[in-house]
Amino acid sequence: MQMPDPSAAILSRKSSVVRRLQGVLDDDSVIHEENELRAYECDALTAYKCPPLAAVLPRTTEEVAAVLAICHEEGVPVVPRGAGTSLAGGSLPSADSVILGVARMNEVIETSYDDRFIRVQTGRTNLSVTGAVEEDGFFYAPDPSSQLACAIAGNIAMNSGGAHCLKYGVTTNNLLGVTLVQMDGTVVEIGGAHMDAGGLDLLGLVCGSEGQLGVVTEATLRILPKPEGARPVLIGFSSNEVAGQCVSDIIKAGVLPVAIEFMDRPCIRATEAFAGAGYPDCEALLIVEVEGSDAEIDEQLGVIGQIARGHDPVEIRESQSAEESARIWLGRKSAFGAMGQINDYMCLDGTIPVTELPKVLGRIRELSDQYGLDVANVFHAGDGNMHPLILFNANEEGQLEKCEAMGADILRLCVEVGGCLTGEHGVGIEKRDLMETQFAPDDLEAQMRVKDVFDPKWLLNPAKVFPLSVTEPRRAIAAE
Amino acid sequence: MLTPKSEVELADILRAAETPVRVQGGGTRGVGVARGEVLSTASLTGITLYEPGALTLVAKAGTPLSEITETLAAENQRLPFEPIDHRRLLGTKGEPTIGGAVATNASGPRRIAAGACRDSLIGVRFVDGAGTIVKNGGRVMKNVTGYDLVKLMAGSWGTLGVLTEVSFKVLPGVASEATLLLDWQTPDAAIKTLARALRSPFEVTGAAYVPEGPDGVPMTAIRLEGFEASVAYRADKLRTELGEVRIEDDSEKSARLWRDIRDASILAGAPADVWRISVRPSHGPRVAKALGEARLVMDWGGGLVWAQVAQGTDLRARLKGIPGHATLVRAAPETHARLGTFPPEPEPVARLTAGLRAKFDPRNILNTGLMAAPEHA
Ligand SMILES: Cc1cc2nc3c(=O)[nH]c(=O)nc-3n(C[C@H](O)[C@H](O)[C@H](O)COP(=O)(O)OP(=O)(O)OC[C@H]3O[C@@H](n4cnc5c(N)ncnc54)[C@H](O)[C@@H]3O)c2cc1C
Chain A
1 MQMPDPSAAI LSRKSSVVRR LQGVLDDDSV IHEENELRAY ECDALTAYKC PPLAAVLPRT
61 TEEVAAVLAI CHEEGVPVVP RGAGTSLAGG SLPSADSVIL GVARMNEVIE TSYDDRFIRV
121 QTGRTNLSVT GAVEEDGFFY APDPSSQLAC AIAGNIAMNS GGAHCLKYGV TTNNLLGVTL
181 VQMDGTVVEI GGAHMDAGGL DLLGLVCGSE GQLGVVTEAT LRILPKPEGA RPVLIGFSSN
241 EVAGQCVSDI IKAGVLPVAI EFMDRPCIRA TEAFAGAGYP DCEALLIVEV EGSDAEIDEQ
301 LGVIGQIARG HDPVEIRESQ SAEESARIWL GRKSAFGAMG QINDYMCLDG TIPVTELPKV
361 LGRIRELSDQ YGLDVANVFH AGDGNMHPLI LFNANEEGQL EKCEAMGADI LRLCVEVGGC
421 LTGEHGVGIE KRDLMETQFA PDDLEAQMRV KDVFDPKWLL NPAKVFPLSV TEPRRAIAAE
Chain B
1 MLTPKSEVEL ADILRAAETP VRVQGGGTRG VGVARGEVLS TASLTGITLY EPGALTLVAK
61 AGTPLSEITE TLAAENQRLP FEPIDHRRLL GTKGEPTIGG AVATNASGPR RIAAGACRDS
121 LIGVRFVDGA GTIVKNGGRV MKNVTGYDLV KLMAGSWGTL GVLTEVSFKV LPGVASEATL
181 LLDWQTPDAA IKTLARALRS PFEVTGAAYV PEGPDGVPMT AIRLEGFEAS VAYRADKLRT
241 ELGEVRIEDD SEKSARLWRD IRDASILAGA PADVWRISVR PSHGPRVAKA LGEARLVMDW
301 GGGLVWAQVA QGTDLRARLK GIPGHATLVR AAPETHARLG TFPPEPEPVA RLTAGLRAKF
361 DPRNILNTGL MAAPEHA
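As you go down the protein sequences, you meet chains A and B in turn. Mind the numbering: the first sequence is residues 1 to 480 in full-length UniProt numbering, read in order. Mind the numbering: the second sequence is residues 1 to 377 in full-length UniProt numbering, read in order.
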């Protein structure tokens, strides 16, 4: 993966930039020693590493604004960072950039149950947002599997999703307002506790903009009353195709489960070995979860069971208790960990129309044979967001490149069948150079014009999202 | 009137345009005053893709909303966001189009549970003010590839581009619905009742208060939708929680009630101005107090207030200090001109808005005069 050459001029000014930053922050909030900067050299896309020029950990919106104003004046690129769990290299620094981490900004600012929102500083982790309201019967719906670690800041920047977004939507559908600091230090309030912001939908634009339009310091999030109960059913099938068809039929039948998760045989075997959840040894399995009172759950599971039985399932296991539910989810939740135990893996994130599921799974198997790399599939089937895991050996020369090439082929396939390159992880650096397979030059130009408005000097996270060759003229102006 | 028959023809027209155009779908949502020749999407019609098993529908922007609703109903599916029909309130004629619903982000009572139009919209194609064809999003519901111009286009009132095609995530239709009703509540008490219902786990999909229900008295209404047994169960639970309620469990009658709430029907006809106010739900009663004698319809648990006030009233001045915003929906042209149709924006937001408009419509020819920025710039 190519990154632009760092600016020698900026590197040579490191000490004066650091001094200016120390002028507006506590000394312990400005990190500049090489060994300490290691902590910020990568995110969860660990194949790529580069320590930044410096890292700052402000505590307030005012401090963020002061830092940005300085970097703006100095012409120093800034890479915003939440918890650094991006799988796309979204928070990967360049050597001439300042990492602006919001990890110390994690306060709850206001909670209102009558208006059903919570306002937090964005360094707060996803799970601790729910943690702040769950005793009172509420929760924050978007639930990425990384929710214990990832921050609301990164969730907003990536427009993250989770297992339950089939029913509740992704981050953008649960965000009411933000405080955004632009690169020049201007503080902008967008939206608020009312349900729709007036004017152009800047909120929708900021969400998913991967830290390229501004630094989000506070957010107003919609919270929901917890359902009375939830229960999954596990259904095993003897082929991927049939499982795919079953997903489509469930959706057509008029039940809207909160989650439909899919695992294929390689993934089932690996998780069984790792977590021992007692899954049937079959070609494909679905975990379908529904919510409501006991009676409502029974009714919905009844409908789902009936549809599933029409598809010759190997096994149907309807949960009857909290323990059984936990066991059904156990395997799914440990899937990534399990794969990590047996191999290095690369996790893809393309989305396809649900109806193309059988075809795409077939093609992935062919690609797997062609490249000689194993693939395990575990994903959110209800919305077509696939997570093929390509297994490889990072220590073997050339395997990473081979794996990336195969990943690119799979993502191109997703686009070809009417889907997209990324459903929830974001483009970052990982899918940057594939953007032209999904978008025409005019489509990309329209997006870049938005950045021109918010960050005319292209200093915020500039080497991400768009192919470098496409952004080159804009970044060149910034470098002057 | 310009009526391009294809996206390419539309692009040609905009590229060649030397004077402003007024973008029009069905012409039923004529809020505010735009200048110039009418540019109609009436000939850009048709559902281009509908996959019930994937919950997705794609249609050309000029497709009548009724065609979409009927096509979905045939598969027992529907648009989640329940778009308002402006015809009664505004006294307009014509057929609402799907593009018009998107351009105005038209969203009804179900917004509290299923989100606004922008939340169901998953893809757009449009032609910007320079005549360039742009696509964003697509036909899958989870998509974070690049910036989300889909949301930006929703509710942009044709000021950034002319929509040519829109894609949606749709939802299964419901087997039945019922409405819990309380009479004679004050706005204050009503909003408290609605908040209690919305805090419950019983999945309320409508929460409104109108000064005159079908019985001619103030009415608080709470809607439940779903499988019959589930609706009955939840209605019973809520009744226990809320006390003296009547239950309208005739689905058709319930649906009629919500159509009237959605369209703010009781505010139609009278020679008075109508405003649409967005505030945090618990501030609904504050709005009521500040507006005194005004006739109000409160939806979204109090978060959306339709207010009918004497002609020429500067309602924004009366609501000073209550966070949120107000749009002038129905008034004489001079009132629109004097007070501004769309809410004024604070400086940094106005600057971003103006910047975006200048980028997407560099010659300022699209719906010139609509939304706030250029007038105030
Ligand atoms: C094991 C594992 C499982 C995961 N599962 C899921 C999943 O189920 N669903 C899902 O969607 N994702 C998942 N992810 C990906 C990742 O957790 C999400 O993208 C998450 O939202 C990133 O949050 P973060 O705080 O770690 O952000 P970071 O990695 O720190 O940053 C991500 C992006 O946000 C930008 N950013 C950070 N802070 C700000 C700010 N204050 N203002 C503006 N921009 C900012 C960064 O510049 C970067 O572009 C998973 C990751 C891992 C490692």
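Be a bit skeptical, because a hint or two may be false.
Stated by the list, open to error - With a straight-line cut-off of 25 Å between C-alpha atoms, the simulated DSS-like cross-links for lysine-lysine are:
#, chain 1, residue 1, chain 2, residue 2
1, B, Lys-5, B, Lys-93
2, A, Lys-167, B, Lys-237
3, B, Lys-135, B, Lys-192
4, B, Lys-359, A, Lys-457
5, B, Lys-237, A, Lys-226
To be verified - Each pair of labels, with its calculated beta carbon distance range:
#, chain 1, residue 1, chain 2, residue 2, range
6, A, Asp-294, B, Ala-189, 57 to 63 Å
7, B, Ala-350, A, Asp-27, 47 to 53 Å
8, B, Thr-186, A, Asp-28, 29 to 35 Å
9, B, Glu-70, A, Ala-394, 53 to 59 Å
10, B, Ser-6, A, Ala-322, 56 to 62 Å
11, B, Lys-289, A, Pro-456, 42 to 48 Å
It is worth saying that the hints were derived from the structure and are not from the lab. All C-beta atoms, glycine included, are put in the ideal place defined by N, C-alpha and C.
Hint check results:
1. B:Lys-5 <-> B:Lys-93: 22 Å, holds
2. A:Lys-167 <-> B:Lys-237: 23 Å, holds
3. B:Lys-135 <-> B:Lys-192: 44 Å, violated
4. B:Lys-359 <-> A:Lys-457: 16 Å, holds
5. B:Lys-237 <-> A:Lys-226: Holds, at about 15 Å.
6. A:Asp-294 <-> B:Ala-189: 57 to 63 Å: The hint (57 to 63 Å, Cβ to Cβ) is violated, given that Asp-294 of chain A and Ala-189 of chain B are roughly 33 Å apart.
7. B:Ala-350 <-> A:Asp-27: 47 to 53 Å: 38 Å, violated
8. B:Thr-186 <-> A:Asp-28: 29 to 35 Å: Roughly 55 Å apart at Cβ, these two residues miss the hinted range, so it is violated.
9. B:Glu-70 <-> A:Ala-394: 53 to 59 Å: 55 Å, holds
10. B:Ser-6 <-> A:Ala-322: 56 to 62 Å: 57 Å, holds
11. B:Lys-289 <-> A:Pro-456: 42 to 48 Å: Since Lys-289 of chain B and Pro-456 of chain A have Cβ atoms about 44 Å apart, the given range 42 to 48 Å holds.
Hint violations for this structure: numbers 3, 6, 7 and 8, all remaining hints satisfied.
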